[in-house]
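Q: For the record, the sequence lines run as chains E and C. Counting with my numbering, you get residues 739 to 1033 for the letters of the first sequence. Counting with my numbering, you get residues 64 to 315 for the letters of the second sequence.
In short, the hints are calculated from the structure, not lab data. Remember, it's a predicted structure, so these values are computed and weren't measured experimentally. Some clues are possibly wrong.
[Unchecked claim] So, partial list: chain C residues that the calculated Cβ filter (under 10 Å) puts toward chain E: (1) F81; (2) A83; (3) R148.
[Unchecked claim] Not the full set, but computed from the structure, chain C residues with beta-carbon under 8 Å of chain E: (4) N143; (5) I151; (6) P160; (7) H161.
By construction, the Cβ of each residue, glycine as well, lies at the ideal position given by its N, Cα and C atoms.
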Amino acid sequence: MRDVPPAEGTVGSGPPGLWPRAGTSVRDWLAQEGAKGATIAAVSTVAVFAALVWWIANSPNWPRVQQQFFNPENFAESWPAVFAGFWLNVRMFLIAQVAILVFSLLVAVLRSLRGPAFFPLRLLSVLYIDLFRGVPLILALLLFGFGIPALGLPGVPRSALFWGVTTLVLSYSAYTAEVYRSGIDSVPESQRSSARSLGLTQWQALRYAILPQAVRNVVPALLNGLVSLQKDVALVSVLGVREAVRAAEIYTARTFNYTSFVVATVLFLIISVPAARFADWYTARDRARRQQLAA
Amino acid sequence: MTAEGAPQLVIEGLRKSFGAKVVLDGIDLTVNRHEVVCLIGPSGCGKSTLLRCINLLEPIDAGRIDLAGQRISGPRVDANAARKRMAIVFQSFNLFPHLTVLDNVTLAPRKAHGVTRREAEQQALVLLERFGLADKAREYPERLSGGQQQRAAIARALVVGPEVLLLDEVTSALDPELVGEVLAIIRELAAGGMTMVLATHEMGFARDVANQICFMHAGRILEAGPPAQVLGDPTHERTRRFLQRVSDAGRL
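Take these sequences, add in the hints, and give me the full structure.
A: Following this line, the structure appears as structure tokens:
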């Protein structure tokens, strides 16, 4: 099975994946897995899925569920409102993602600074990370989204949308800062010595020697966080922000039909499945590059 | 403040410990301008730590370090300013893997010394040319052999015109056939009058190039003097035993 030489840029070893590995054409993949293996995979896949569909379609309440969740008319009717909501999800996601990547890097850098003078900053970042990693996201959303506007502070925005996105950024940044920090810690200490010995300041050593290597090391983990955030923006619906899930709920409350939730599900999948595939592809490519480097 | 005629480097009573382990136990060393000092001694005797302390990469517990008559140790000095006047080359090269050879060499001039990129690259290319690396300037370190990487690291150290060059077993990580090319560069630097302190296991090289050899043991300099004396007629029992072991291993 392995005597077929892998094509240029492919990984020759490693467990066979669900998907063709980075840089492998479907034909190469088939050649590697073998025609017999591919046939077995195809037949068993069709059999399993057919059995599942048959089992669900023959459940006692299937006709009613079909009417409630998979009604084409309701699908078409609820689509515009849910799609408009989903567009808001996409915008919230994009803004939050950029803010998270920048803010969490800042927190990670503060946490990595050395020397007694920086102790208050290190303490602050540790407190922040512990606090936001320790609170369920939905609770943080409820507390910030309802609590802060209720204070009625002059000059502080009262919009649920604003506080929803802000809470997402604060919560996700706590995790992402730890991802960055693991990247910073993964760069050998000798690189820091080397940079400092050249007369670079602590900040310059971080900026020009450590961070470029650290960020490259954690790109797969950052992509994973991105896929996760893409779905979690839907939680902002608890604050009444009319995004996809909220729009679907409104439709359901009016019509007693749940097809709008399926509409929202389909919309999220259209974005998150390709994003997850991309993250996998990138991670595999990164792994291949490292293996080549090590060889 | 630089005192005219003062020795390039003076170390007095330097002590350093990691936790309870004393690594340097009262080091006194004077290095004159244009002098080459070789530190020899068994692994773990403190050679590397001494070089790292001189470069202010490790804080010292006691003692003082003067560079050209100017105090550089202690809490009230600007360590970055002092580091800019010295350079260290490490055993494992420590080039920045994400930067090309040229960017590795020009990083310190551009960022720490405020030289323009154009000027820094001109200077760097002259050095790389001299070290036979002109055609590798745009390559990443991973594409270079160990000897080439170490030569690039020496170029990176030299480009800022250091007053003292510190070399920490710079050939120990190299394949035997690559050692020569790196030693040739150090010989050339010594002939050019560069002040150097180097830790090495290459005794033959040390004898040729050093003005002064210091034998270190357990964090102290047990014996110091001209190569002929320390290597040829050591007075200390431990020095004799160390040299015997080295010569048995066929490295003298």
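Q: Hint by hint, which ones does this structure get wrong, listed from lowest number up?
A: Checked against the structure, the hints that fail are numbers 1 and 2, while the rest are satisfied.
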